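Novice: So you can see what is in the structure, the chains are spelled out below.
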Amino acid sequence: MLIRFWGTRGSLPIALTARQVEAKIAQALLAASGRHFDDIAAAAKFAAELPFPIAGTFGGHSSCVEIELTEPDGGSHDYILCDLGSGARPFGGSVLARQGAATPNVFHVFMSHLHWDHIMGFPLFAPAYIPGNLIRIYGCHRTLEEAFRAQHGAPSFPVDFSQLGARIEFVTLEPDVEVTIAGLKVLPKEQIHAGGSYGFRFEHDGKTFVYSTDSEHKLDDPDVTDGFIDFFRDADLVAFDAMYSFAEAISVKEDWGHSSNVVGVELCQLANARRLALFHHEPIHDDARIATIEAETRRFEEITRVDAPRLDVFAAYDGLEVRL
Amino acid sequence: MSQPPMDLSPRRIGDVIVLGPVGRIDHLNADDFRAAVEPHLAHCEAGGASLLFDLSALEYISSSGLRVLMVAAKQSKPRGGRIAVAAPHPVVAEVLEISRFNLVFPVHATVADAVQALAAG
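In order, the protein sequence lines correspond to chains A and B. Numbered by our numbering, the letters in the first sequence go through residues 1 to 324 in order. Numbered by our numbering, the letters in the second sequence go through residues 1 to 121 in order.
The hints are simulated quantities; they were obtained by calculation from the structure and are not laboratory data. Hints should not be assumed to be uniformly reliable.
Said to hold, decoys possible - In silico PhoX-like cross-links for lysine-lysine, where the CA-CA straight-line distance does not exceed 20 Å:
#1 B:Lys74 to A:Lys253
#2 A:Lys218 to A:Lys189
#3 A:Lys207 to A:Lys189
#4 A:Lys218 to B:Lys74
Values in this document were obtained by computation on a predicted structure and should not be read as measured data.
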């Protein structure tokens, strides 16, 4: 199972500003002080060794994560996605770049919820315009189809939903009821978020991926906490809503529907999960800030680890691939 | 068999009630911690006592435990009550910093510093 992150930003897509790019270049030049590069390859090798916040970026697309069970071989393929935030646009582009428009594919999409940042990529999802493709959108909200149709047409978008070329189906799932889809065992779980959100536990061939975004943890009911520990149990990777600091999440941003790095580590430790991907990054955080949060979260994991294997903690970024 | 209530060894320094949790507070015993704190909240109001948590004997506090402190502060604030923490063990101090708890909750290096700050109003 390969997990590919196409969009990791929370609430609203962002992009680096010219000033932020300049600052990265300045830091890179400072780091390169006194060095000479004979060609672009030598410079690229140096760049690859720079700290990630200087040479790279966590990116700005909103939520979209791909689960790849088998590598596409050029023929028709079953693609699996979580959410259709703006990251769905580059994902769709990559499918067309690889296979062209003539190959019909099936896209299975699991929707955590229907807030705008999680559906906004669909109007620019190129495979939706191509006859022969089948897009099956799964979710636990009764308003699943209504939400997609509402954003896809006047006055919000020039192309009406009815003009899409692909066959599009909506499938309602029930929380706590496991189903098998495209060879993947899928368990939805209700989470705390305005309007409701659902996490998904995916299992295939002995590997488990948990996608749990837009999920507030109140910590006031041990039974509820135990329910999430079971949901995360022995997962190979948990993508976790770590948008706020813990203090923010229980004070000024209480009831805003998001969680923190601290709670992510605690739940994963209690669940004996192996990897924790900090996900749904706060849009006002720049790369340096997210890298700091990542380092602090690793330290938090270290000081709170008790007689347990290390939990591998990292901040997810657009383009990251994790093989389970 | 029910567990004995969590002992916070309450003591009074002037108008400050000092509570001293010991060991670990995590999601398993956070509710016991809440129950042990609750009786003292009634005294935490304007013109009454302030509440100070002496963390010097606390080895670890999880998010569930920190939430108990935050809820206590929220409950007492409308009544003019004041709550602070003091003397955290280095590991607990790191937890307070990483969680940014220290930005929304008064954290003092020593009990004496905290008592002085609470007395100053």
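Novice: Against each hint, give a clear statement of whether it holds in the structure.
Specialist: For each hint, the structure was consulted:
The hinted pair formed by Lys74 (chain B) and Lys253 (chain A) meets the criterion: a straight-line CA distance of about 14 Å does not exceed 20 Å. Pair hint Lys218 (chain A) plus Lys189 (chain A) holds up; C-alpha atoms about 16 Å apart against a cutoff of 20 Å. For the suggested pair Lys207 (chain A) and Lys189 (chain A), the alpha carbons sit about 18 Å apart, so the restraint of at most 20 Å is met. Of the supplied pair hints, the one linking Lys218 (chain A) and Lys74 (chain B) holds, its CA atoms being roughly 15 Å apart against a limit of 20 Å.
Every hint, counting from the list given before, is met by this structure.
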